[in-house]
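Model the placement of chain B on the given structure of chain A, informed by the hints.
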Amino acid sequence: MGAPTSIDPAAVGDAGSAAVIAQLFETLTTFDSARTLQPALAESWRSEDSGRRVVFHLRPVLKFSDGSPLRASDVVRSWLRLIDPASPSPLASLMFDVKGAADYFHGQADAAAVGVTADDGAGEVTVDLVRPAGDFVDIVASPSFAVVPPGIDGTADRAAGDAFVASGGYRLVESAADHLTLRANPNYWAGPPAVDEIRLVSDLGGRSPVEAFQAGDLDYASIGGSDATWIAYDPALGPQLREVPSLSTDYYGFDTSRPPFDDVRVRQAFAQAVDWRRIARLATDDPRSVATSMVPPGIAGRSDRDVVPTHDPAAARDLLAKAGYPAGAGFPDVTIASSGSPYDDAVIAEIHSELGITLTSETMDFTDFFDRLDHDPPRMWFLSWIADYPGRNDFLGMLLGTGSPSDYGRWHSPEFDAAIAAGLAAPDSATANAAFDRAETIVQRDAPVVPVAYGSGWALGRTGLLGASENGLGFVRFAGLAWAQ
Amino acid sequence: MSAGDRSRTTTAPARAAIGIVLSALALALVPTAARAATTFGSPTVESTFGTGITFRQPVTLDAAPARVELLITTGGSGGASVIDVTPPAGGGSIVLEHRLNTTGTEHVLPNTPFTARWRVTSAIGADPALGPPVSTTYVDDRFTWQTVSGPVVRVHWYQGSQVFGERALRIGEDAIAKTATLLGVTEKEPVDFFVYADQQAFYDALGPGTRENVGGQANAEIRTLFALIRPEDIDASWVSIVIPHELVHLVFDAAVKNPYHFPPRWLNEGLAVYLSQGFDAGDRSAVANAAKAGTLVPLTGLGGQFPTSADAFSLAYAESVSAVDFFIRAHGQDALVALIRSYADGRTDDEAFTAAIGQDVSGFDAAWLADLGAAAPQRAGPCPAPAGPLPVGWTAAVASQGTTLCATSGTAAAATQSANGLGGLAVGAFVVAALLLAVGAFAVATRLTRRARDDTAT
Chain A
1 MGAPTSIDPA
11 AVGDAGSAAV
21 IAQLFETLTT
31 FDSARTLQPA
41 LAESWRSEDS
51 GRRVVFHLRP
61 VLKFSDGSPL
71 RASDVVRSWL
81 RLIDPASPSP
91 LASLMFDVKG
101 AADYFHGQAD
111 AAAVGVTADD
121 GAGEVTVDLV
131 RPAGDFVDIV
141 ASPSFAVVPP
151 GIDGTADRAA
161 GDAFVASGGY
171 RLVESAADHL
181 TLRANPNYWA
191 GPPAVDEIRL
201 VSDLGGRSPV
211 EAFQAGDLDY
221 ASIGGSDATW
231 IAYDPALGPQ
241 LREVPSLSTD
251 YYGFDTSRPP
261 FDDVRVRQAF
271 AQAVDWRRIA
281 RLATDDPRSV
291 ATSMVPPGIA
301 GRSDRDVVPT
311 HDPAAARDLL
321 AKAGYPAGAG
331 FPDVTIASSG
341 SPYDDAVIAE
351 IHSELGITLT
361 SETMDFTDFF
371 DRLDHDPPRM
381 WFLSWIADYP
391 GRNDFLGMLL
401 GTGSPSDYGR
411 WHSPEFDAAI
421 AAGLAAPDSA
431 TANAAFDRAE
441 TIVQRDAPVV
451 PVAYGSGWAL
461 GRTGLLGASE
471 NGLGFVRFAG
481 LAWAQ
Chain B
1 MSAGDRSRTT
11 TAPARAAIGI
21 VLSALALALV
31 PTAARAATTF
41 GSPTVESTFG
51 TGITFRQPVT
61 LDAAPARVEL
71 LITTGGSGGA
81 SVIDVTPPAG
91 GGSIVLEHRL
101 NTTGTEHVLP
111 NTPFTARWRV
121 TSAIGADPAL
131 GPPVSTTYVD
141 DRFTWQTVSG
151 PVVRVHWYQG
161 SQVFGERALR
171 IGEDAIAKTA
181 TLLGVTEKEP
191 VDFFVYADQQ
201 AFYDALGPGT
211 RENVGGQANA
221 EIRTLFALIR
231 PEDIDASWVS
241 IVIPHELVHL
251 VFDAAVKNPY
261 HFPPRWLNEG
271 LAVYLSQGFD
281 AGDRSAVANA
291 AKAGTLVPLT
301 GLGGQFPTSA
311 DAFSLAYAES
321 VSAVDFFIRA
331 HGQDALVALI
341 RSYADGRTDD
351 EAFTAAIGQD
361 VSGFDAAWLA
371 DLGAAAPQRA
381 GPCPAPAGPL
391 PVGWTAAVAS
401 QGTTLCATSG
411 TAAAATQSAN
421 GLGGLAVGAF
431 VVAALLLAVG
441 AFAVATRLTR
451 RARDDTAT
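Keeping their order, the protein sequence lines are chains A and B.
Using this note's numbering, count along the first sequence one by one with no gaps and you end on 485.
Using this note's numbering, count along the second sequence one by one with no gaps and you end on 458.
Just so you know, the hints here were simulated from the structure itself, not pulled from any lab data.
Predicted model, so just to flag it, every value in this text is computed and none were measured.
For each residue, glycine too, the CB sits at the ideal point set by N, CA and C.
Treat the hints loosely; a few may be bogus.
[Claimed, not checked] Reference excerpt, derived from the structure (chain B facing chain A, CB under 10 angstroms, subset only):
#1 M1
#2 G125
#3 G303
[What the hints assert, rightly or not] Here are some chain B residues pointing at chain A (derived, C-beta under 7 angstroms):
#4 G78
#5 Y260
#6 G304
#7 P377
#8 A380
#9 P382
Pulled out of the complex, with its shape left as it was, chain A reads as follows:
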């Protein structure tokens, strides 16, 4: 991942930015390194109205880093920014379980109609939901829901310095071209973090992270799997090697709103022409990384069924012919767009050999690519999605639900939407999982997307550095770090 595109929680949709934001701005709940939900700014919460209402009770005497009070109304103000129709978050649909949120987002209601209210006196935030949504307390652990100070609008990205106001464990005191400097927030709710200053380095001048770590210039560094293989046997570095969980899925998507992929038969043809499992196995060299569904391992309730489309080139050719493109004849030019994919060459080769279609690929800067997905999606693209929270719907309804801003292929399936709604409203986990299973089967059949591989990661953590564990959501909680004495 690269340097953050922004440090405004309401402006970003990528994990690299979220990893920084999570240190600067705190959420009401959070997931620890074991992915157990823990209270953060909220001291507790309760469910009412058969799960249709959640009331968060804030910790007493919460403060921003400048000493100003952090109130329930700050929470509401921060959350409404996500669905502000004037500048919505790329992850706005995380709020769509809240009454009135979708209407406000679509400009069909005003903010007052959104079911999020504050009682500053009682220190409570009340959330009214459109359905019983037991996972809402999980959802608000996403860095998108972090609480920001008043007046942050339009200033978050140029506020580094002594005046920076944080609600998280750290303040951003310096923003340079090749690094950020964070300093402990003395008013952090859990007490000042043990490590006073942290530098986030984004440019090592051509050195590898392993070299920089060995030189003592880094104390924690994400590294590639190709280094982890030898480091595992290195007597000095091996004990400092960390296996980093990653709740992420690599997938291809299609723009289902226009030809040729508006025809389900074309999508099915592409989905069945390629041996996705084999491509993943060959590219990742790790059988554990081969995707069997959109939902990666580690997500509660995930099904172990393999719902990746079946590899059946003959059926694919038949489907393509029925769609009006026999042997690929007359098929329009299609380019796979991404910010970098390890699978494009293989996909292009297999589509060519099995369907007679010549695809091309284009790679662009991540920020430009993400903007393109939002506003003018390519006909076919590749994306890696990491969990905002460890729930199945973050990889299903979030990415494929009708009207979701992250439904980049603009897929619309009432059948899928109904299954998702049933899953979210289910009274128990078994019923919910059965509904999500149905949704996955629909995705397998209609192929608006095709999952390829699951993420994994490695890091080096300095001996004596405590608490440097990632939780699968893409970041370490810096406020939980300390040096062993």
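Same frame as chain A, but now just chain B:
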């Protein structure tokens, strides 16, 4: 949320970091490609080594376009790298311009071919207009290069006599022929071989981050070899090692080329050493000593990057050539050819080895270790991070990995802290490279053995 840049294997050139300049110059335009709203003139490109590459495209627009992009393809890369260029505010005849920065970490290797096309989209959702292509090769223009060509290799040098160049050419051609014969392939595409005569110029050519022990580097994407050889050294023994070593990589790459999977590095490097210097006494001794000391890294640990410390790095090469030597002794040269061809068919490591010798990689690894009389290497990691301080009320996470392996690491001694962040813990600054996952490497460097580096001392 999106996981962000996952360009793990992208070969796109580094993206320009400097601004875009749009010039409102009135020009006579040649309508080489016409659409309703866009007329393209003849594009141009200029490059200055170590500085940048400037692309220009005269264009006539009916109105301000919604999007302007520059599509760049480079040697060996399958797809285009797309650069969003700020669109002009209005229509008319203008020159679109973009400067690709090639300084610092945006470095581009010399001899990289570029082809660029401009793409203009009048409105979001509309079909774009694509301009004509323009091509260039990014040359190291700091020197006046001489060139001598053979059937496959083209040697370029700037210091030394014709004899020097021809000697380098002979070494190169011989190496290509020998490797092609061993691997059962035919090399037809040209290989460019650039010889630098001084260290700084050489390092400048390879870019930042080049290690001190690099005396040569092959880049398969552009089929180019770079080496540091002073004219007076052309007859030194190490030269006849360095050149073949790097050229083996280029032949190997062509022989195994497939869109799915690249073979393990130990096989690539092992072959390069085997064919350039053999499994010599120094490497035999290094491997034997490591086997005795229990410091061997198994082949499965040498599939990707090699260790960074000088000794471990050198041992990795020695192990690699030892394994290749064992492969040929145990299974013969035909099996090696079969192995290479299996990779070209797009097989996993296990499939390729099984097809060639009836053993998967682990089986071969075990047989090699047995041949050496070595015990199975022991892992030293990964280990779980020791727990840090937790807020009051939070329960400690349960370590789930490597508990037995790391029980004696001593790093978990202070893992029982559970105060609110200040529980007697050391306070200090530390640096974290959490943002550094994507390297976006354009060139995959191959490195010489330490011994060759020592011989190259300049």
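Checked hints:
1. Of the supplied interface hints, the one on M1(B) holds, with its beta-carbon coming within about 5 angstroms of a beta-carbon of chain A, less than 10 angstroms.
2. Interface restraint check: G125(B) against chain A, minimum CB-CB distance 6 angstroms, threshold 10 angstroms, status holds.
3. Hint status for G303(B): holds, given a least beta-carbon distance of 6 angstroms to chain A, under 10 angstroms.
4. Checking G78(B) against chain A: minimum C-beta separation of about 5 angstroms stays under 7 angstroms; hint holds.
5. The closest approach between the C-beta of Y260(B) and any C-beta of chain A is roughly 4 angstroms, which is under the 7 angstroms cut-off, so the hint is satisfied.
6. The beta carbon of G304(B) is positioned within 7 angstroms of a beta carbon in chain A (closest approach about 3 angstroms), and the interface hint is therefore held.
7. Interface hint status for P377(B): upheld, as the beta-carbon distance to the closest one in chain A is roughly 6 angstroms, under 7 angstroms.
8. Below 7 angstroms, beta-carbon pairs count as interface contacts, and A380(B) has one with chain A at about 3 angstroms; its hint therefore holds.
9. Contact between P382(B) and chain A, as hinted, is supported at the beta carbon level, the nearest pair being about 4 angstroms apart and thus within 7 angstroms.
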